[in-house]
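Enquirer: I would like the entire structure built from these sequences, with the hints used as guidance.
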Amino acid sequence: MGVGSLILLILCGVAFCGLGIGISKLIAPSSKNSQKLEAYECGIPTEGGTWVQYNVGYYLFALIFLVFDVEIVFLFPWAVVLREVGMVAFVEVLIFVFILFLGLLYAWKKGALKWQ
Amino acid sequence: MKYIYDFSFLTSKIHNWFLAHCSSGWTILWEMVIVGLCAITLFVVLGLIFVYMERKVAAFMQFRLGPNRVGPKGTLQAVADTVKLLMKEGFTPQAADMFLFNLAPFIVLSVSMLALAPLPFAKGLQIYDINIGVFYISAVSSISVIGILIAGWASNNKYSLLGAMRSGAQIVSYELSAGLSVIAIVAFAGSMSLSDIVESQRTGWWIFKGHIPAVIAFVIFIIAGTAELNRAPFDMAEAESELTGGFHTEYTGMRFAMFFLAEYVNMFVVCAIGATLFLGGWMPLHFGNLSGFNHIMDYVPPFVWFFGKTFFLVWVIMWFRWTFPRLRIDQLLTLEWKYLMPISLVNMIIVAFVVIMKWHF
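Keeping their order, the protein sequence lines are chains A and B. In case it helps, my numbering puts the first sequence at residues 1 to 116. In case it helps, my numbering puts the second sequence at residues 1 to 361.
Think of the hints as simulated: they come from the structure by calculation, not from any bench. The structure displayed is predicted, hence computed values, not measured ones. It cannot be assumed that every hint is accurate.
Stated by the list, open to error - Listed below are the simulated EDC-like cross-link pairs for lysine to aspartate or glutamate, each with C-alpha atoms no more than 16 Å apart in a straight line:
| # | chain 1 | residue 1 | chain 2 | residue 2 |
| --- | --- | --- | --- | --- |
| 1 | B | K209 | B | E199 |
| 2 | B | K158 | A | E41 |
| 3 | A | K32 | B | D81 |
| 4 | A | K25 | B | E89 |
| 5 | B | K158 | B | D97 |
| 6 | B | K56 | B | D81 |
| 7 | B | K73 | B | E54 |
| 8 | B | K358 | A | E84 |
| 9 | A | K36 | B | E89 |
| 10 | A | K114 | B | D81 |
| 11 | B | K2 | B | D298 |
| 12 | B | K158 | A | E84 |
| 13 | B | K158 | A | D69 |
| 14 | B | K158 | B | E31 |
Said to hold, decoys possible - Across the chosen pairs, the derived CB separations fall in these ranges:
| # | chain 1 | residue 1 | chain 2 | residue 2 | range |
| --- | --- | --- | --- | --- | --- |
| 15 | B | L10 | A | Y54 | 48 to 56 Å |
| 16 | B | C38 | A | Y106 | 28 to 36 Å |
| 17 | A | V14 | B | A80 | 45 to 53 Å |
Cβ atoms here follow ideal geometry from the backbone N, Cα and C, with glycine treated the same way.
Expert: Structure (structure tokens):
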């Protein structure tokens, strides 16, 4: 099977999900109730909006993640050809990882890895 | 007998049968239908088995009996649960973003379906042998973060948003060390294709052949995998005692079931990858020159090996849940960024050195 199988799997997922939800919509009982449609926050009425500014810590980690994820994307093809290229590839990646490691140390030192 | 040991006989037989009876276009279509049905069946069966297994394992670890009323030894409990969920009303909260709220389960489920594509279930039984199989899986599985974030945000519920944000930070962080430990095996095997990686373990599993670096990579992979699955002790995203239900607090009925199902299938995928990369996939257990022992092991069919190893890893992950207490979010990120990540980076370099010096078997 070729690339078509991936499209097929997406379709399967969507069809399965749609079918499940559709069938349940047909056979499940439904009743209208304004209380039921409120946000469920353990009984008491919701206080304030949800879509507000959020803790910056999450974004910091996402930023550091971006750097290292790109690094890993570059490392995958390197790992495949490592055996053929030999020592040269090893030394090159040593330098590459060292520079990125300095980046991690910098972020560490600056306190970006600490949860505020 | 040969059909059990090599599925390529069966698939080629089906292919030839269709070619003999209809045109090539229809053959492709019918094969697609068969593959689709098999994938959906596998999906559902895995979901049912894992729900039952989770409850039974949990019960035995706590000296309880677990589900034992519906069907013999409670085996039909998961089916009964599914029927119950089908009969539940699924509604969208008033304040929620209608479109995104309904879209999220589709994304999460389709993504976990996609991740099944390159898995080698047995010899010759693979939906799509991609030459970048490992890479493909890590790429696809990270899309589910988007589904989770959408679900949490669209619910317009503070608990959901908190759960989604935690889950996002966690999955994204642990993907790094999971990726680095996968790279270790890619370096050993010299290929990203999962079938090639299995083939490279004909003489022995990488966890044995790769010395200590492979063992370290395996341990890191299991820890990172547990974290990526949002399972205890890393179940910050849906910590019941503080967030009611995490990102799927607002979901009811079948939509909730879809998240649940996708979660279990993701667990299967992670464990299957672990089994394929480190424990030899469908390869039987072989020891160098014990030919008698190797011969006996060859009698066990490949799919039994694959599912046996995968379910063993699933059991290990379920075991974690009842062994370790839940981490706090800062502890969780510290563990990843200050311990696992540097360790796996150094480990990867050691692996590269071992590969170049040809010290592995």
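Enquirer: Would you mind marking each hint as holding or not holding in the structure?
Expert: Hints, verified against the model:
Annotation: proposed proximity of K209(B) to E199(B) holds, straight-line Cα distance about 14 Å (limit 16 Å). For the proposed pair K158(B) and E41(A), the alpha carbon gap of about 8 Å is at most 16 Å, so the pair holds. At roughly 25 Å between alpha-carbon atoms, K32(A) and D81(B) are farther apart than 16 Å, so this suggested pair is violated. A threshold of 16 Å between alpha carbons decides the hint, and for K25(A) with E89(B) the separation of about 7 Å falls inside it, so the pair holds.
In summary, the hint linking K158(B) to D97(B) is supported, as the alpha carbons are separated by about 14 Å, within the 16 Å threshold. For the hint linking K56(B) to D81(B), the alpha-carbon distance of about 15 Å falls within 16 Å, and the restraint holds. Simply put, K73(B) and E54(B) have alpha-carbon atoms about 14 Å apart, close enough for the 16 Å limit, and the pair holds. Using a Cα cut-off of 16 Å, the hinted pair K358(B) and E84(A) holds, with the two alpha carbons roughly 12 Å apart.
Proximity of K36(A) to E89(B) is assessed by CA-CA distance (about 11 Å); at most 16 Å being required, the pair is judged to hold. With a C-alpha separation of about 42 Å, the suggested pairing of K114(A) with D81(B) is violated against the 16 Å cut-off. Simply put, K2(B) and D298(B) have alpha-carbon atoms about 12 Å apart, close enough for the 16 Å limit, and the pair holds. Taking the CA atoms of K158(B) and E84(A), the gap is near 53 Å; set against the 16 Å cutoff, the hint is violated.
With a CA separation close to 29 Å, the supplied pair K158(B) and D69(A) exceeds the 16 Å bound. With a C-alpha separation of about 46 Å, the suggested pairing of K158(B) with E31(B) is violated against the 16 Å cut-off. The supplied range of 48 to 56 Å is met by L10(B) and Y54(A), whose beta-carbon atoms lie about 52 Å from each other. The hinted range of 28 to 36 Å is not satisfied by C38(B) and Y106(A), whose Cβ atoms lie roughly 50 Å apart.
At roughly 27 Å, the beta carbons of V14(A) and A80(B) sit outside the given window of 45 to 53 Å.
The structure fails to meet hints 3, 10, 12, 13, 14, 16 and 17 from the earlier list, while all remaining hints are met.
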